[in-house]
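**Student:** As a plain string of letters, each chain reads:
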Amino acid sequence: MTLRCDRLRATEGVILGLALAAVLLAGGLPADAGTAPPAEKPKYGGTFVVAIVNDPTTLNPATSSDFYVKIISGTVFDTLVNLDFNFNPVPRLAKSWDISKDGLTYTFQLANAKWHDGRPVTSEDVKFTVEQVLGLYHPSGGQYKDRIQEIQTPNPQTVVFKLKTPFGPFPVMLANDLYIVPKHVYQGTDILRNPARLTPVGTGPFKFAEWKKGDYVRVVRNPDYFMEGKPYLDEIVFKVASDAGARMLAFEKGEIDYLSFYMFPASEVERVRKIPGFRTTTKGHEIFGDILDLFFNLDKAPYNNLKVRQAIAHAIDKNYMLDKADYGLGKIATGPIPSSLPWAYTTEVTRYSHDVARANRLLDEAGYPKNDKGIRFKTTLMWDRTVPLFTKTAEILREQLKPVGIDLDLKPSDRPTMLDLVFTKRDFDLWVHGLSTGGDPAIGIQRLYLSSNIRSAPFTNASGYRNPTVDDLFAKAAANPDQKARVQVYHQVQKILTQDLPIIWLLEFSDNSAWRDEFRGVHEWSAMSFYSLGETWWTKGREKP
Amino acid sequence: MQHRLREFWKSYRRSIAGVVGFAIILALALVAACADLIAPANPFSLSRDSLRPPGAQHLMGTDDLGRDIFSGVVYGSRVSLLVGFLTAGASTLVGILIGGIAGYYGGKLDDLLMRLTEFFMVIPRFFLALVIIALFGSSIWGIILVLAILSWPMTARLFRAEVLRLKSQEFVIAARAMGCGDLRILFEQILPNALSPVIVNISVQVAYAIILEAGLSFLGLGDPASMSWGVMLANAQQFLRQAWWTATFPGLAIFLAVLGFNLVGDGLNDALNPRLKSRVIRIDSLKLEQA
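Respectively, the protein sequence lines represent chains A and B. Taken in order, the first sequence gives residues 5 to 549; the numbers are from our numbering. Taken in order, the second sequence gives residues 22 to 312; the numbers are from our numbering.
Misleading hints may appear alongside valid ones.
[Stated by the list, open to error] Okay, the calculated beta carbon distance ranges per label pair:
| no. | chain 1 | residue 1 | chain 2 | residue 2 | range |
| --- | --- | --- | --- | --- | --- |
| 1 | A | Lys429 | B | Gly272 | 38 to 46 Å |
| 2 | A | Asp359 | B | Pro74 | 30 to 38 Å |
| 3 | A | Thr61 | B | Phe157 | 44 to 52 Å |
| 4 | A | Phe381 | B | Asp57 | 39 to 47 Å |
Calculated from the structure, these hints are not laboratory results. Even glycine gets a Cβ: it sits at the ideal position worked out from N, Cα and C.
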């Protein structure tokens with residue numbers, strides 16, 4: 005009998021021991037999302053598979069602002085500077101720079117970099133890129149032509165930009181568009197047809213290796229990259245995965261390592277977050293600073309009446325919208341400048357609480373009484389039907405305006421028709437759209453409020469807002485390179501605009517990216533993290549390159 | 022007339038498919054008619070209870086904006102029936118007219134009309150829908166217009182084949198010899214005898230229209246102001262992995278409705294099959310001159 009008991013105790017002990025070991029193994033070791041890992045040293049090696057929806061149209065980033073061109077070219081080429089989360093410029097091809105006191109002269113010292121074919125990078129390449137490539141073919145090229153008086157190249161390591169008038173956000177502009185391309189490859193050729201645009205020669209952390217159309221683009225590590233020790237990955241493969249469902253499955257199975265915001269809808273975030281081994285983030289997209297806007301056509305009744313606009317602002321429950329349309333991932337917008345531009349943003353503005361009673365009162369005061377069916381007036385709302393966020397917002401708006409007696413007729417539209425009606429014909433009542441702010445109020449924000457920008461090109465001043473005070477303030481702030489001075493001006497602008505309410509700023513909707521936790525150095529500091537894949541490393545790599 | 026109906030029902034009853042289909046359609050019609058009584062909520066009202074699985078409070082769960090799916094399915098039946106019948110009606114009228122004229126007159130007119138018919142058959146559906154909706158806006162009437170344009174060729178070809186078959190029959194030759202006008206022959210002599218395939222075709226057209234509407238809505242061209250099953254399916258795409266009920270119930274509804282109309286079509290086909298029935302000759306419209 006004793007023997008049996010002993011044996012039982014022994015078995016129990018073994019079982020307990022195994023159980024304990026299992027618990028320790030499962031729960032004890034540091035795993036994924038929750039706990040912050042200690043600062044790790046990057047390892048070398050590995051292949052990083054990035055999903056893209058279609059082939060890029062070219063691999064010359066100085067001629068295109070297309071996302072698929074930039075995400076690949078961003079690994080093969082460099083800009084002069086990059087931007088961190090707070091929009092401070094960070095050295096890249098330019099190792100240091102100087103701004104003159106009058107804000108008209110920017111002097112950049114170039115790093116000791118080489119092109120992938122061995123030739124050295126010089127200031128001539130920079131001058132050539134701006135004048136012969138970017139200025140002529142890039143969608144933002146006009147801005148460069150308008151602002152730059154002259155580019156000087158006193159020696160191969162120094163390039164000097166002389167501006168016509170001071171422009172505060174000049175470094176932001178450069179970080180966004182100015183990828184330097186080789187003069188010795190493109191000079192004297194037909195830039196847009198040069199075969200080099202398909203087999204690019206750059207300065208970047210990765211070299212172009214191969215491009216199988218419709219399948220993938222592969223880039224491999226540049227061992228001679230001018231930033232010591234970088235990059236870490238052996239190669240990056242940009243895989244074409246056009247079907248959203250298949251793409252998601254491939255990501256979960258481990259065939260794709262990174263889904264950037266373009267390919268990672270907000271509706272999937274919660275679900276992917278719960279799967280161990282994956283990380284998601286909203287950081288690293290600050291360059292966009294998207295705001296979901298409800299535009300009033302100020303030239304059409306009843307929207308020329310401030311009380312009507314205020315009433316609508318009070319009728320809207322932004323918290324519900326944030327919850328349901330953006331899955332609670334973004335933030336409520338309070339004004340024309342998003343909180344992702346912390347230096348310019350302020351909350352000391354006129355706020356409109358969710359107050360249905362007040363909305364009803366304002367509409368009564370404005371002279372739009374309810375008829376016997378409870379309706380004050382009928383109006384239409386237009387939006388781009390291909391964006392689920394906008395569609396949901398439209399449906400929510402319709403329901404939220406019912407209790408205040410506004411009958412909202414929904415008009416989903418295809419993009420070209422919508423742009424034509426809103427900007428060319430100015431034939432709309434209400435328009436919902438998400439617009440990015442481009443990293444600086446002088447780049448993506450002022451375009452919506454300047455009276456000089458009421459024209460038929462898309463994404464200009466759609467509401468038709470005219471306020472000379474605001475025009476002056478924007479002009480003053482744009483010209484000043486001193487960020488501290490600009491802050492006060494932008495604070496004032498926000499106060500005025502939230503009072504005048506030409507637009508209701510609904511949400512700062514989120515952009516989300518996701519990647520497999522085996523990889524680090526993704527979305528860690530850059531305001532445009534998706535174009536900065538040169539710092540990614542693989543946790544299962546080796547110690548030495 | 023009573024006798025004919027009873028005869029018809031007796032032969033229709035023999036087809037199990039037909040009876041099942043009829044039951045489904047009847048149930049659908051009842052649901053559509055009594056939607057206000059059956060649905061527990063306004064299908065458009067938003068709530069904070071989003072993506073709740075089916076349960077006591079929401080029989081079929083809720084969607085991402087907290088709307089009750091059961092109410093959506095119930096009210097959606099109205100949209101589907103409206104779209105189905107209006108489309109089938111419009112396309113049948115147009116189809117009979119064009120198919121009839123083509124078949125009866127033959128020759129160059131027939132060639133012309135048949136080329137026209139073929140043109141409408143090969144137009145890519147999606148682009149036609151895009152164009153019409155860009156012109157007329159995303160309303161349910163725009164959708165019905167698109168669907169009618171896409172469906173009439175089927176009826177036209179069917180009716181033309183019938184007309185070709187019948188126009189050489191003795192009673193038609195007799196009518197023409199009597200001096201009856203062409204259109205009168207077409208509508209008083211030929212149509213009643215070609216009615217069976219046309220009626221069967223109507224049933225199939227309704228099913229086809231319901232599926233097409235779902236397809237167009239799924240592609241984002243639907244009317245968001247109407248809570249149709251297709252619009253519900255389109256919305257559910259994003260949540261297939263985490264909320265199966267948002268797609269399954271509207272999908273089942275579409276499946277049942279289409280199945281029902283197809284089965285009714287089968288039943289009608291069996292009941293009206295010309296091989297078993299005797300030919301109807303409209304003697305009363307011919308003025309027989311007693312010699």
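**Student:** The structure should be examined with respect to each hint, and the outcome stated for every one.
**Tutor:** Verification of the hints:
{"no.": "1", "hint": "Lys429/A / Gly272/B: 38 to 46 Å", "verdict": "holds, 40 Å"}
{"no.": "2", "hint": "Asp359/A / Pro74/B: 30 to 38 Å", "verdict": "holds, 34 Å"}
{"no.": "3", "hint": "Thr61/A / Phe157/B: 44 to 52 Å", "verdict": "violated, 34 Å"}
{"no.": "4", "hint": "Phe381/A / Asp57/B: 39 to 47 Å", "verdict": "violated, 27 Å"}
The structure does not agree with the numbered hints 3, 4 stated previously, though it agrees with the rest.
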